[in-house]
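Participant: One letter stands for each residue in the lines below.
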Amino acid sequence: MAINRRDAIKSFVIMMGGAMVGANAILTGCKPEHQIIGLEFSPDDIAFLDEIGEAIIPTTDTPGAKATKIGEFMVMMVKDTYAAEQQQAFTDGLNFIIKDFKASQGKDFMEATVEERTSYLNGLKAKAENPEGKNAAVVKMLQDLTVLGYFTSEIGATQQLRYYEVPGRYEPCIDYKPGDKAYAI
Amino acid sequence: MADNSYDAIVVGSGVSGGWAAKELTEKGLKVLLLERGPDVKHVADYKTATLAPWEVPHRGRRTTEMLENHPNLKRDYVLNELNLDWWAHESDSPYIEKKPFTWFRGYQVGGRSLLWGRQSYRLGDIDFEANLKEGIAIDWPIRYKDLAPWYSYVEKFAGISGSRDGYEILPDGDLQPPMPLNCVEKDVAARVKEKWGGKRLVTIGRVANATQDLPGRTKCQYRNKCSLGCPFGGYFSTQSSTLPAAMATGNLTLRPWSIVTRLIYDKDSQKATGVEIVDGETNQTYEFNAKIIFLCASAFNSTSILMRTATDIWPEGLGSSSGELGHNVMDHHFRLGANGTAEGYEDKYYFGRRPTGVYIPRFRNVGDDKRDYLRGFGYQGAASRSGWSRNVAEINFGAPLKEALSEPGPWSMGITAFGEILPYHENTIKLSKDVKDKWGIAVLEMDAEIKENEKKMRVDMMNDAAEMLEAAGLKNVKTFDAGYTMGQGIHEMGTARMGRDPKTSVLNGNNQVWDAKNVFVTDGACMTSAAAQNPSLTYMAMTARAANFAVEELKKRNL
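For the record, the sequence lines run as chains A and B. Sequence positions in the first sequence follow the working numbering and run 1 to 185. Sequence positions in the second sequence follow the working numbering and run 1001 to 1559.
Source of the hints: derived by calculation from the structure; they are not laboratory data. Incorrect hints may have been included.
The calculated lysine-lysine pairs, modelled on DSSO-like cross-linking and capped at a C-alpha distance of 30 Å, are [what the hints assert, rightly or not]:
#	chain 1	residue 1	chain 2	residue 2
1	B	LYS1098	A	LYS177
2	B	LYS1098	B	LYS1503
3	B	LYS1030	A	LYS140
4	B	LYS1451	A	LYS69
5	A	LYS79	B	LYS1047
6	B	LYS1456	B	LYS1433
7	A	LYS181	B	LYS1219
8	B	LYS1451	B	LYS1199
9	B	LYS1291	B	LYS1030
10	B	LYS1186	A	LYS181
Next up, chain A with everything else stripped away, as it sits in the complex (with noise of 0.2 Å):
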C-alpha cells in the first residue's frame, strides 16, 4: 500500500533531518499558516527574516540588508544574546506578523513586494509606540537588530558608511557637508 501524502511529507522531513516547522503548513494544504515554533528557525524562516530586514534597511544605491545575509545575523544573535522571555517575545511577534500580515494585506508577506513590507512594517511600527502595541517589542527588536546587523557588516562598514581600519591620525575639526557619511567604528 502506498504512503499517503502527509506521512510521505513526514518522512521526508524527518528523512532530511529536519525539524516538523512547516511541515504542518505544508499538511494542511494550499494555504500555509506557517509558524515558527521555538528557536527552529528553518531555511524558509531565514528568508522571511531576510526580507523583513531588507523592508527595514533596503537595496538602494548600495545594497540593502538581505544582502549582508541579515536573516542568519537576526537569528545567531536571538539564539546567543537574549533572554528566554525576549526569545518568546521574538518568535511569538514572527507569528504575529505572519498572520496579521496576511489578513491585512490579502497575501502572503513573502510574495509582497519590499515596498508593501515596508510601508506594513512602518504601520506596525506606528501602532507599536502606543503602549497597548502588543507587539511593540518584536518591531524594536527587528530595528535594532536590522540596523546593528547591517551597519557592522562589510557591505554597511564599507559601501554605506566610511570605514578606516587603521586611521593612523586624528583630525579634530574636519568641514562637513549633509550627505557625507559616517565613519564606521
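Fit chain B to the supplied structure of chain A, relying on the hints for placement.
Facilitator: Coordinates of chain B only, in the frame set by chain A:
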C-alpha cells in the same frame, strides 16, 4: 647560582611588576618574574586586535553565556567577547563580598596593563599632604619632590601624551605632544576658562598612548582598540614596553602559571629568603630563592600573599604587626556626571578614533574653595557625534532610515566624575577561613563601602558637571548617577600602606615591609591615600624609585 636562586623575584607582571623587572634587570640583577596566569606574547597573542567589525561574532553585544560565566565582570562595561581570556576566571578564583565589591582582575602576563584605561596623571603635594593637614589616617612618608624625578623617568619611557597646562594642583609631566581636542571640546574648554578663570581646566586626557614613535613601538594609529592589545605597540603595556626592555638585558626569567602561595620568611635574619609557588597548570609546588622580593601582584593579591606569610610568627601574616595589613581599602567612586547636546556644529566632524577624551582636574577644596566634605574629584569625558547606533525611532523604515543612519548624528558631550575615597581603617579585606580557590588558597573577603564624605561629594560631582556643561553652552543638559559600589573604579588601593611608623603602617617610605626589609610592595597596596587621579602612573614611578633604592641598598650590603 643554583637553578632556583635569583638576585630578585618579582611577583606579578602588570604595570608595576613589568617596571620592577625592567629596572632590576637593567641594573644587572638576575630576576625571576612570576606571573600567576598564562603567557600572552606581544602581537602574536593579540588574536582579536585586527578583526573588522563584521568579524566580531556578536558585534560587541553580550551573550547569555558570557553573562552567566562572568557574574562580576558583567557589572561594568569591560565585559567584551574579544578579550574575555584576559580577565580572571571567576569560578576558579572566587572571592566573598561581605559588602558589594567588584574585583576586576587580569590573570595573565601583562595583567591589566593590557586592558587599562591608560589615563596617566601625577599626584601633587595637595594629595601627599592631605592626610596630615586634615588629620586623616596617617601621613604619607613621601612628598611630591620625592616622586617627581621618577614620574619624569617613567613618563618618558612609557610614552605619555598630553599637554602641559600649568594647572596649580596637577603637576605637568614630561609628556609627548598632546592629542587634540575636537571643535566642541575646544569651545567648551574656552568657555569654562572664561567663566572660572584659571580655577577650572578642561584639557586633553593625558594618556599612555604615544604620539611619537618610541624604540620598538609605533605611535598611536587612532584605532581605539587598545584593550585588545595593540599590534603597533601604540600604548604602554608590559608587553609593548617593560618586558622587551627587561628581556633585552638577558637577565630576566619569566615564569607564567606561577601562583605565589607565600613568601618564605627567615626569623633570624628578619628577611624573606624566597617564595613558594604552586604551578597553576600542574599543581606542583616549587620554591625559589632571592635576595630581594618585589610584590606587584595587584593591591589585594600582594596583601594576601603577605597575609599568608610567616603566620607562625604573626597569625595574620607578614606586616600585620602594624594592625593595618588588609585595612584602608580604597578605590575611586564614579559613574555619575552629566551630558548635553552641542548645537551649531553640524558642519563639523572629526577623523580617526582618538583613544582619550577630555580631563577636568580637581577644583573642589582647592585654594579658598571649601566644601562640606574633604578632598575632591576630576572628570573624564568627550564630545562626539553619534553614529548609526542612535537608531532613531521616529524615522520610517526603508530608505529614509538607511540614509539617516548613514550620516553622523547630533553632537553631544558627557563628563563622568571620579572621586577620592578616604582611607577608612574599617574598610578591609581578609582571608576567608572556609572558602578556597581552585588551587586550595584561601580567598579574600571584601568588606568595604563608601561613607558620608563620599556621599556628600557625589552631590557636587553630579551638579558641578551639569553646571559646567551649561556654562559651556551645551543644551538639554541632564545629570546621571548609575550608582557605585566599591571596586567598580578598577582602582583598588590600600591594604599595605606606606607610612613613617611601623606601628601604623605596613611599608616605609621606600616601599619596604617594616618587618622584612628585603620585601618591597610597589603596587596599589602601598597607597596611603587615593587622590582623585588615575593611579597607575604613580605605581610606575613608585616602582622605579623603589627598585633603584633596593639596588643601592644591595650594593651597600644593607639587604
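Participant: Compare the structure with each hint and give your call.
Facilitator: Status of each hint after checking the structure:
Between the alpha carbons of LYS1098 (chain B) and LYS177 (chain A) the distance comes to roughly 56 Å, so the proposed pair goes past 30 Å and is violated. Distance hint between LYS1098 (chain B) and LYS1503 (chain B) is fulfilled; the C-alpha atoms sit about 27 Å from each other, no more than 30 Å. Between LYS1030 (chain B) and LYS140 (chain A) the CA atoms are separated by roughly 61 Å; this puts the pair beyond 30 Å, and the hint is violated. Using a Cα cut-off of 30 Å, the hinted pair LYS1451 (chain B) and LYS69 (chain A) is violated, with the two alpha carbons roughly 53 Å apart.
Our distance criterion of 30 Å between C-alpha atoms is met by LYS79 (chain A) and LYS1047 (chain B), whose separation comes to about 25 Å. The straight-line distance between the Cα atoms of LYS1456 (chain B) and LYS1433 (chain B) is roughly 36 Å, outside the 30 Å bound, and the hint therefore fails. The hinted pair formed by LYS181 (chain A) and LYS1219 (chain B) meets the criterion: a straight-line CA distance of about 27 Å does not exceed 30 Å. Annotation: proposed proximity of LYS1451 (chain B) to LYS1199 (chain B) holds, straight-line Cα distance about 28 Å (limit 30 Å).
Taken as a hint, the LYS1291 (chain B) and LYS1030 (chain B) pair is honoured in the structure, with Cα atoms around 10 Å apart against an allowance of 30 Å. Taken as a hint, the LYS1186 (chain B) and LYS181 (chain A) pair is honoured in the structure, with Cα atoms around 24 Å apart against an allowance of 30 Å.
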